[in-house]
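Residue numbers (the numbering used here), protein chains in the order written: chain A, 1 to 314; chain B, 1 to 199.
Some hints here could point you the wrong way.
Claimed, not checked - If you want the footprint, here are the derived chain B segments under chain A, 3+ residues with CB under 8 Å:
#1 31-42
#2 67-73
#3 158-170
#4 174-182
Calculated directly from the structure, the hints in this document are not laboratory data.
The beta-carbon is built from N, C-alpha and C at its ideal position, and this holds for glycine as well.
Each chain, letter by letter, is given below.
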Amino acid sequence: MRIFTVYNKKHTLLLRKQRYESPMKIFFTVLSLFSLMFSPSYAEEAGGSCEDSGEILYAESQEPRGIFQFSSSVEKQEVCQPCSSLEANDPFEPVNRAIFGLNNDLDTILFDPLKIIYTTIFPKDIRDRIGFVLRNLTEPVVFANNILQGEAQDAEDTLRRFLINSTVGLAGIFDVSGSLDIPYKKEDFGLTLASWGFDTGPYIVIPILGPSNVRDACGRITDFVGDPINWVAYFGDSVFYSNSRTSAQIIDAKSDDDIISDLKKSIDPYATFRAWYTERRNFLANGYRQTLESPCPDDGDDDVVENAAATPAA
Amino acid sequence: MKKFMILFMSLFIWTQGVNAEFGCAEAETFMSDIGKKVIDLLTDKSISDHERADQFRDILETKFNVKAIGKFVLGRYWKQASPEERERFLNLFKETTVASYATRFKEYTSERFEILGSRPEPDGGITVFTQIIRPNASPITIDWKIFEKNNEIRIYDVILAGISMGITQRSEYASVIQKGGGGIETINFALEKKLAPKK
Numbered sequence: 001m002r003i004f005t006v007y008n009k010k011h012t013l014l015l016r017k018q019r020y021e022s023p024m025k026i027f028f029t030v031l032s033l034f035s036l037m038f039s040p041s042y043a044e045e046a047g048g049s050c051e052d053s054g055e056i057l058y059a060e061s062q063e064p065r066g067i068f069q070f071s072s073s074v075e076k077q078e079v080c081q082p083c084s085s086l087e088a089n090d091p092f093e094p095v096n097r098a099i100f101g102l103n104n105d106l107d108t109i110l111f112d113p114l115k116i117i118y119t120t121i122f123p124k125d126i127r128d129r130i131g132f133v134l135r136n137l138t139e140p141v142v143f144a145n146n147i148l149q150g151e152a153q154d155a156e157d158t159l160r161r162f163l164i165n166s167t168v169g170l171a172g173i174f175d176v177s178g179s180l181d182i183p184y185k186k187e188d189f190g191l192t193l194a195s196w197g198f199d200t201g202p203y204i205v206i207p208i209l210g211p212s213n214v215r216d217a218c219g220r221i222t223d224f225v226g227d228p229i230n231w232v233a234y235f236g237d238s239v240f241y242s243n244s245r246t247s248a249q250i251i252d253a254k255s256d257d258d259i260i261s262d263l264k265k266s267i268d269p270y271a272t273f274r275a276w277y278t279e280r281r282n283f284l285a286n287g288y289r290q291t292l293e294s295p296c297p298d299d300g301d302d303d304v305v306e307n308a309a310a311t312p313a314a
Numbered sequence: 001m002k003k004f005m006i007l008f009m010s011l012f013i014w015t016q017g018v019n020a021e022f023g024c025a026e027a028e029t030f031m032s033d034i035g036k037k038v039i040d041l042l043t044d045k046s047i048s049d050h051e052r053a054d055q056f057r058d059i060l061e062t063k064f065n066v067k068a069i070g071k072f073v074l075g076r077y078w079k080q081a082s083p084e085e086r087e088r089f090l091n092l093f094k095e096t097t098v099a100s101y102a103t104r105f106k107e108y109t110s111e112r113f114e115i116l117g118s119r120p121e122p123d124g125g126i127t128v129f130t131q132i133i134r135p136n137a138s139p140i141t142i143d144w145k146i147f148e149k150n151n152e153i154r155i156y157d158v159i160l161a162g163i164s165m166g167i168t169q170r171s172e173y174a175s176v177i178q179k180g181g182g183g184i185e186t187i188n189f190a191l192e193k194k195l196a197p198k199k
């Protein structure tokens, strides 16, 4: 509860300050708020970049897996449950589809040319450096979310990463912590809400920013409002900085997205993006585990060796 | 006492034998073999695109359970389909998969495939965690869902950075069918269209 009061206080402060700003500044603030929601999480998901889950997965796979325990689980469920259908929670589909189409057009006329310019001007190595700096700036928010989720170890790692990369790593230009085996692990308030048991709510597509859901959209707004770096920029009267950071983040995210371009080749890109977003968030919210169902052997109908289909249908 | 010892020993050996059939170690060996095969296929620039596609089709047919995957991605529409329609779908499904991956493979040069570990799942399968180390990019994590049935080890799902290809395709097909309104034939038609210009 205390968290919320603190948050509210900050929020009203922000609103009060806004009243004294010129309309132009308000406009830019709103614009940057809007676009900033997009980037930190999107950058990670789009590029599939970051040292990601490798380490974590390895740690997980070291979990006790006694042979007896395993063999019993096989005996118990030799055939897995019949696969139920995954219904998308998407009541606003017509509106979402319209915005999705708009975003695609924006990509074609605005972001694709920008991406070409950006990747031509900056070689891959420089782009990585820019990506690291931007990522380093998201660490305070990641740290706050680690705390809110009660993950002490993660919080410690984030803090160490931020301190090391901001100093020795020259404001994040060099990913020193990465070579010290403290891989970047993304967190945001959407995932914090998930850890508190909040459901995703309906799927939504946000203009420019792309796929989201009600929970994650609330998370993005909270992350922005609570980001100390935005506060420094705001009270230091350098909204310009905030905007530059925002634009940089968008370009950075768009420049390295081979997975996205693959998804666009599907028969129904909208449905593919929806599934992709839902799965990816489920994966992150469950500590890098995909808990959704997968294809499985069920009733003998799918046997590879047709003749061996002796198992009677359950 | 000696009898008990023998009984115990034989029981132990027997249980070990049972487990030796399919466990995490076996799943990892299975995946590492496939990984090696695929990487060889990718990095071998001497073979033609056609050959590469053929070899990829071969891996798909012998190492994946295409029928179970096809059935999963169609969901309830599978049940409504006739055997001929199913057959046609599975064929098209396989061919589009081959077409889309074989072209993607072309860009690969010196990738490395690494097994990170594995974990038995509550549904009886095993997930093998792997990653592909790329020379000029961050590694891609790929998880493979493997089941053993009738002494055959097969891959049932590929999970790319947390995104299951099975679920994604299922959502896509369900949406296409709902919009088209023609059951499995809608998909068959769409897949044929997708495949046509490439052939």
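Checklist entry - For this structure, which hints from the list above don't hold up? => result Hint 1 is the one this structure does not satisfy, whereas the remaining hints hold.
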